[in-house]
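Whole structure, please, built from the sequences with the hints as guidance.
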Amino acid sequence: MNFLKNFFEKTEPYVQKGAKYHWLNSVHDGFFTFLFVPKKTSKSGTHIHDFIDMKRTMSIVVLALIPSLLFGMYNVGYQHFKVIGELASTGFFDIFLYGFLKVLPVVIVSYGVGLGIEFVFAQIRGHEINEGFLVSGMLIPLVMPIETPLWMIAIATAFAVIFGKEVFGGTGMNIWNPALLARAFLFFAYPAQMSGNSVWYSFSENAQTIDGFTGATPMAEAAAGNITYTVSDAFFGFIPGSIGETSTLAILLGAVVLLVTGIGNWKIMFSTVAGGLFMGILLNIFAGSQGLSEEAATFFGIPFWHHMVLGGFMFGAVFMATDPVSAAQTQKGKWIYGFLIGVLAILIRVLNPAYPEGMMLAILLMNTFAPLIDHYVVQGHIKRRMKRAKVAA
Amino acid sequence: MSEPLFSRKNLKLLSDPINDSNPITVQVLGICSALAVTAQLKPSVVMALSVVAVMALSNVIISLLRNTIPNRIRIIVQLVVIASLVILVDQVLKAFVYDVSKQLSVFVGLIITNCIIMGRLEAFALGNRPWQSFLDGVGNAAGYGVILIIVGFARELFGSGSIYGFQIIPDSWYIANGGFYENNGMMILPPMALITVGIIIWVQRSKNRKLIED
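First to last, the sequence lines map onto chains A and B.
The first sequence begins at 1 in the numbering used here and counts up by one.
The second sequence begins at 1001 in the numbering used here and counts up by one.
Keep in mind the hints are simulated off the structure, nothing from the lab.
No false leads were slipped in.
Rough simulated footprint, nothing fancy, chain B against chain A, three-plus residues with beta-carbon under 8 Å:
no., region
1, 143-154
2, 180-191
A few chain B residues that don't get close to chain A, going by computed Cβ distances all over 12 Å:
no., residue
3, Leu1088
4, Asp1090
5, Cys1115
6, Val1138
Beta carbons are placed, not taken as given, at the ideal position from N, Cα and C, and that holds for glycine.
Below is the structure:
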């Protein structure tokens, strides 16, 4: 590694302000701090720094996403061979290799487009390259159905980075979670490619499929009144769905990493799950009420804990809702924010026939309201303290 | 009237609203109709022309009447003038371009509530001579229309794959026909119109030095 370090140190004078290659400054800085711990010291204010800067934070989140990614790759292959009926005769590595080759281009496109735009903006605006996209670039592939065309992923990524982040001023200024924005963009722009029964499995059109195969996800099946997958299948993730969202187990591994390192906020995760369970219980109670169609009654009646392992609920709760930029900032606000995400996600999932899954919309909606929640929490604090001050006087 | 008809000052009345003080991108007025009618290019063009007609004529009429309108009821007088002109325009559209008129539906009638028109009557026509008012009306309506047409062009091209009703993207490109392309459904929805207007504002502000704020 030393020759790299020497290279970056030697080239540093050439990219300073006023030097020959000054326009490469942010690129130089970006790669240098990515590879080595920044040696910058502060000139004023706080002098003691945590070693966790933004790059380390982001790297740990990416690390936490690895189990979901690996399992997602395996599951893509698993679903593929299951559908064409060759699951029993295919080895583990063939299954994984198939999924790996399917998922890799998506990851490359997402990172290539997103980082490209980040670099261009950093150069134009003359600021450092922000690391925020390291995580978004990994999240975007994980929330996409496997059969999304690559150019759509490229457009969605560009949209999310430019209109979700750069117009607000870059990393740390965004109102919404960029990865979810990319998915929402595709969801509304190309509904045929993002939902329905043809995008969740990867196989060529004229391939033989097993009898009774429809291509629907467990969410779509549940909306139609069929519970087709057992809880353990859904927990381990052997169900069709977006690449990284299926395995609750892999997501929980990631959650452990986030919680142990203190990067993900446990209050948001906990309250999101609590909100989801609460809404699930509420729906269970009303499942027997009169006037419900048969499908609705079945959907209402899904055991509340079953909702946790279906669809994108866990993935959203662990990786999306906890995004420190777009979530609520105050401690009390985090409880409210998370709880409402859980409630709304299950509410949209079960009660709105147009959207089979509600996690994406619930998180985006609560991202929008997070500043409002914070505002009232802070106002509440101020009011309470004012009162206390008056009593003392 | 010693001033020539197309003096530099008068021409500025015409050109200013197209760029430096554009009613949509700079003053952010008339957004509602700009979002609603621009899903396709044809209605955008028709809407732009209608607004040009209503705005130029109402500016002239109010300017002619400006010394006789009692100040306290000027708003209602302006409304009557605009409303009559809008009804005229609506009848003309129904007679000659019925399909577009149906597409525009209620938005032709809503020209009455377009704040650009009221704003120009209040701010300009009430205090200036008819010719200047005419130029101001045409200029502002053109500024509005230009944005409408740009937005309509982009939205129709990406949202429907056509321009002015003519298919631009070849049929064989579409996924349904074995290709790879798909129209962007979000372009047809109003949110994307807002974002398109936002992009125009972004580009304009980064090009036009006068609009850059510190």
